[in-house]
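K.L.:
Sequence:
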Amino acid sequence: GIYLNSGASAVGVKSNVIQGNRIGTDVTGAVALPNSGVEGFGIKAWLQGGIADNTIGGIGPNEANTIAFNAQDGIWIPNHADNLRNEIRANRIHSNGGLAIDLGDDGPTGNDPAPDNDAGANDLQNFPVVTAADPQAGSVRIQGTLTSAASTQFNLDFYVSSACDGTGFGEGQRWVGWGQVTTDGSGNAEFDTES
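Per the working numbering, the very first residue in the sequence shown carries number 1; after that it's consecutive.
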């Protein structure tokens, strides 16, 4: 796997780019070569503060990582108020022993009412709630809501998986597209996008 750790440095782990990798699998993405045991994460950040401005994946050609078959979470970022703005996009994450992305190593992070002003890993960002997914010719129309920080623009990535995850929070086996939404002054937004 990939381990982000600055040790005793006060600078933190910042501005790294992790793209185009196969983590826990072979070059085909279909054969399991898992990271195992208690350190069996796909990508693990291990500094209590200062994990910031890192990029994991991306929506451009060959930027997404495949993170699969690992014993623990696909991506783990510890819960600290300075662990911010880590962009995690379009990765193929599936078949891991834990969550696809765990902010805080404490299981699924539930949504808070708007405005969502948490402190913690990536501000413990709320996830969008999908209310409808309607297949179109060559795309999918996706509708839903997001509650988060007030008057802020967000990128929303959408995924499908071949099977439901036991936690009720799917891992995101295949990225199907994205959209943008801006919350109102109370931190609420509705989205209607075609991916």
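Keep in mind the hints are simulated off the structure, nothing from the lab. Hints are not guaranteed to be accurate.
Said to hold, decoys possible - Label pairs and their calculated CB-CB ranges:
(1) 155 x 113: 33 to 41 Å
(2) 163 x 81: 17 to 25 Å
(3) 81 x 133: 19 to 27 Å
(4) 164 x 15: 30 to 38 Å
(5) 113 x 136: 16 to 24 Å
(6) 15 x 155: 16 to 24 Å
(7) 81 x 182: 22 to 30 Å
(8) 164 x 185: 31 to 39 Å
(9) 87 x 30: 38 to 46 Å
(10) 184 x 32: 14 to 22 Å
In this text the structure is predicted, and so the values were computed from the model without any measurement. In this text, a Cβ means the ideal position worked out from N, Cα and C, and glycines have one as well.
K.L.:
Look at each hint and say if it fits the structure.
P.N.:
Against the structure, the hints:
For residue 155 paired with residue 113, a C-beta distance near 22 Å fails the hint of 33 to 41 Å. Our hint of 17 to 25 Å for residue 163 and residue 81 is violated, since their Cβ atoms are close to 35 Å apart. Checking the proposed 19 to 27 Å range against residue 81 and residue 133 shows it is violated: the Cβ atoms sit about 34 Å from each other. Between residue 164 and residue 15 the Cβ separation comes to about 36 Å, which falls inside the hinted range of 30 to 38 Å.
Remark: the range hint 16 to 24 Å for residue 113 to residue 136 is contradicted by a beta-carbon distance near 32 Å. A hinted range of 16 to 24 Å holds for the C-beta pair residue 15 and residue 155, which are about 19 Å apart. At roughly 24 Å, the beta carbons of residue 81 and residue 182 sit within the given window of 22 to 30 Å. Residue 164 and residue 185 have their C-beta atoms about 36 Å apart, which keeps the hinted 31 to 39 Å range intact.
Hint check: residue 87 to residue 30, Cβ distance near 27 Å, so the stated range 38 to 46 Å is violated. At roughly 45 Å, the beta carbons of residue 184 and residue 32 sit outside the given window of 14 to 22 Å.
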